[in-house]
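> Note that the protein sequences, when read in sequence, are chains A and B. Residues in the first sequence are numbered consecutively from 9, following our numbering. Residues in the second sequence are numbered consecutively from 9, following our numbering.
A hint or two may mislead.
[What the hints assert, rightly or not] In silico EDC-like links for lysine to aspartate or glutamate, alpha-carbon gap of 16 Å or less:
#1 A:K304 with B:D265
#2 B:K246 with A:D265
#3 B:K304 with A:E231
#4 A:K246 with B:E231
#5 B:K246 with B:D265
The set of hints was computed from the structure by calculation and includes no laboratory data.
These are the residues of each chain, in order.
There are 2 protein chains.
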Amino acid sequence: MQETTRPILIIGGGPGGLEAARTAAALGHPVLLVERRGRLGGTPDAERYAKLTHHFRDAEEAIGELVAAVTDHPLIEVLTRSEVTACEGEAGDFRVTVSTPHGSREARVSAIIVATGFQHFDPGRETQLYNYYSFPDVVTLSDMEAMLKAHQVVRPSNGQPPERVAFIQCVGSRDRQIGNEFCSKVCCGIATKQAIEIKEQLPDARVFIFYIDMRMYGYWENELYWPAQERHKVNYVKGIVSEILPKGDRLLIRGEDTTMGRPMEITVDLVVLSVGMEPSSGTRQMAKLLGIAQNKYGFIEAGGPSGLDPVATSRPGIYVVGAAARPADLDDTFATAGLAAARAVATARRALVGTR
Amino acid sequence: MQETTRPILIIGGGPGGLEAARTAAALGHPVLLVERRGRLGGTPDAERYAKLTHHFRDAEEAIGELVAAVTDHPLIEVLTRSEVTACEGEAGDFRVTVSTPHGSREARVSAIIVATGFQHFDPGRETQLYNYYSFPDVVTLSDMEAMLKAHQVVRPSNGQPPERVAFIQCVGSRDRQIGNEFCSKVCCGIATKQAIEIKEQLPDARVFIFYIDMRMYGYWENELYWPAQERHKVNYVKGIVSEILPKGDRLLIRGEDTTMGRPMEITVDLVVLSVGMEPSSGTRQMAKLLGIAQNKYGFIEAGGPSGLDPVATSRPGIYVVGAAARPADLDDTFATAGLAAARAVATARRALVGTR
Numbered sequence: 009m010q011e012t013t014r015p016i017l018i019i020g021g022g023p024g025g026l027e028a029a030r031t032a033a034a035l036g037h038p039v040l041l042v043e044r045r046g047r048l049g050g051t052p053d054a055e056r057y058a059k060l061t062h063h064f065r066d067a068e069e070a071i072g073e074l075v076a077a078v079t080d081h082p083l084i085e086v087l088t089r090s091e092v093t094a095c096e097g098e099a100g101d102f103r104v105t106v107s108t109p110h111g112s113r114e115a116r117v118s119a120i121i122v123a124t125g126f127q128h129f130d131p132g133r134e135t136q137l138y139n140y141y142s143f144p145d146v147v148t149l150s151d152m153e154a155m156l157k158a159h160q161v162v163r164p165s166n167g168q169p170p171e172r173v174a175f176i177q178c179v180g181s182r183d184r185q186i187g188n189e190f191c192s193k194v195c196c197g198i199a200t201k202q203a204i205e206i207k208e209q210l211p212d213a214r215v216f217i218f219y220i221d222m223r224m225y226g227y228w229e230n231e232l233y234w235p236a237q238e239r240h241k242v243n244y245v246k247g248i249v250s251e252i253l254p255k256g257d258r259l260l261i262r263g264e265d266t267t268m269g270r271p272m273e274i275t276v277d278l279v280v281l282s283v284g285m286e287p288s289s290g291t292r293q294m295a296k297l298l299g300i301a302q303n304k305y306g307f308i309e310a311g312g313p314s315g316l317d318p319v320a321t322s323r324p325g326i327y328v329v330g331a332a333a334r335p336a337d338l339d340d341t342f343a344t345a346g347l348a349a350a351r352a353v354a355t356a357r358r359a360l361v362g363t364r
Numbered sequence: 009m010q011e012t013t014r015p016i017l018i019i020g021g022g023p024g025g026l027e028a029a030r031t032a033a034a035l036g037h038p039v040l041l042v043e044r045r046g047r048l049g050g051t052p053d054a055e056r057y058a059k060l061t062h063h064f065r066d067a068e069e070a071i072g073e074l075v076a077a078v079t080d081h082p083l084i085e086v087l088t089r090s091e092v093t094a095c096e097g098e099a100g101d102f103r104v105t106v107s108t109p110h111g112s113r114e115a116r117v118s119a120i121i122v123a124t125g126f127q128h129f130d131p132g133r134e135t136q137l138y139n140y141y142s143f144p145d146v147v148t149l150s151d152m153e154a155m156l157k158a159h160q161v162v163r164p165s166n167g168q169p170p171e172r173v174a175f176i177q178c179v180g181s182r183d184r185q186i187g188n189e190f191c192s193k194v195c196c197g198i199a200t201k202q203a204i205e206i207k208e209q210l211p212d213a214r215v216f217i218f219y220i221d222m223r224m225y226g227y228w229e230n231e232l233y234w235p236a237q238e239r240h241k242v243n244y245v246k247g248i249v250s251e252i253l254p255k256g257d258r259l260l261i262r263g264e265d266t267t268m269g270r271p272m273e274i275t276v277d278l279v280v281l282s283v284g285m286e287p288s289s290g291t292r293q294m295a296k297l298l299g300i301a302q303n304k305y306g307f308i309e310a311g312g313p314s315g316l317d318p319v320a321t322s323r324p325g326i327y328v329v330g331a332a333a334r335p336a337d338l339d340d341t342f343a344t345a346g347l348a349a350a351r352a353v354a355t356a357r358r359a360l361v362g363t364r
């Protein structure tokens, strides 16, 4: 029976793909994991994440454990520097072509899990008002994550630690002008986590967070938001930033303090743009190649016939995980990965029963 | 081999337990589902939910589909009006006692999934300032849900449709005084969904939502929040309500409009308290009986050794789903149910391999 079991194809080797692979393998099912980059770990690895919002665990260590569980598993075959280039067939028997460094390879797989994730909004792309590409001291959440990881939080313009840092929330999110009306869900939490880390590394720095609504849902409220305000004295300002201008060798933030209902001007050394989530190029590409529906933002449409299945795509036997379908935090990613793995293994079982 | 397979015990027949049961059975594993009430469906059924935040699907219909999938499945045995009263053993071989209407029953199960959910905060319990138990026209989200389902949105005091309705957010959440520092995550979305439904049923009513932060994360922003403001003209007011007083036969809301920075008084016919989530009595009871750790709020502690596993409890072989562990929306509940089912079946497999 084992001989006729076709593996599950998992596309993407980030947290979602890794968890899906581990879960399917724990259910006794073989997995073929395809990753475009040269190594596993996905965005947390590629963008050198510092700590996770979960108990401030070291990201490299936590993701490393997951990578080890996958690479050590006898039922999981990993292909890096590889891409799926063709797919036909149907649930239970898809025939896919994978381009690998050693040439093209054909595989028959029973089900497909798409875990191609997100990419950060490019703040220089359409909203020039924050001058990301003009001012070196305007950085993004990703840039800050790498600085925190390196314990080198500095102003890129002069290599000096900043005295005053401002986060601007909702860059590329909740913004109809650029077509991203959705909320990216995690940026409030990530900015707050980074603000705490900045205060830990530079205790004398002042940190401001300019926000529309502070979306610290669930335990982020008590685990991140309250400690940030009370223990770390992070300054939350409900306000809308309209522009960033040079002021000597510093930056002037101009906008409106919506709580006080008055114009606001504040001078800082470093601005962090809380860039939101957009579907990654891999997500867009795989959606087209696999013929699965995307929503108007380019994320993969989830829901299935009931409208309620967070991992069902428009095509039976193909499942979607985490941020390939929507703005997602790490809990969302791991949980949907588990559900997708279970659905995929069940699909494979049905196909097997069908052929006996 | 099938003969020696011990079923997975699932405690709780709400959306999380139902999805976990369906997923485990789809993986070919037998399930014993124990539910305290006389019927399946959990809180959406018990509290007569109207529509779901997901595409405004009818809750009764959507949950009914899930119930049918479970009750029709040959691998799932359902015990209603039943409770787990004892548990010993370990992962792979738990011995449990279930009290049923037909007497006590012993079972050997390989793994346990706790899907005992949440209960709504009782607004009369500690915060009397909203006068829930004194004023008939002060109701909760649950009360409103049942009125919407019955197409009978009226003032309980006189049976007349209200002209002005006010939602008050964060009742029992984000509140250190009562010990609930966490955010209940879903109330902003539920209140907004209800506001839209009220406007659909009573187009001439005015609806206000008093909030601290509008936590419309992810697609709730574009699917609920924007339509509520633009199409349905729901009035969002960032403000803190300090008291509700009688004014003739109506209600006077007093507080502070924090955006305008001034005191506010507004007269309405009906007040809806957006009560938050707390662990259900079943969750507290099962945590104690199973010997699994709870967090300081009484929810079941999730995370496991990595800190990142949303369904691992402190005891191997016992998994937790959805709102038994944290404030959770329906996506969270279904996704964690799938992950928990996969983990439980993998545990059962390992035990089986171990005994061969």
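> Against this structure, judge whether each hint is valid.
Hints and how they fare:
For the proposed pair A:K304 and B:D265, the alpha carbon gap of about 36 Å is over 16 Å, so the pair is violated. Distance restraint check for B:K246 and A:D265: the Cα-Cα separation of roughly 14 Å lies within the 16 Å cut-off, and the hinted pair is therefore satisfied. The straight-line distance between the Cα atoms of B:K304 and A:E231 is roughly 12 Å, inside the 16 Å bound, and the hint therefore holds. Of the pairs offered as hints, the one joining A:K246 and B:E231 is violated, with about 24 Å between alpha carbons and a cut-off of 16 Å exceeded.
For the given pair, B:K246 sits about 6 Å from B:D265 by alpha-carbon distance, which is consistent with the 16 Å threshold.
Hint compliance for this structure: hints 1, 4 are not met, and every other hint is.
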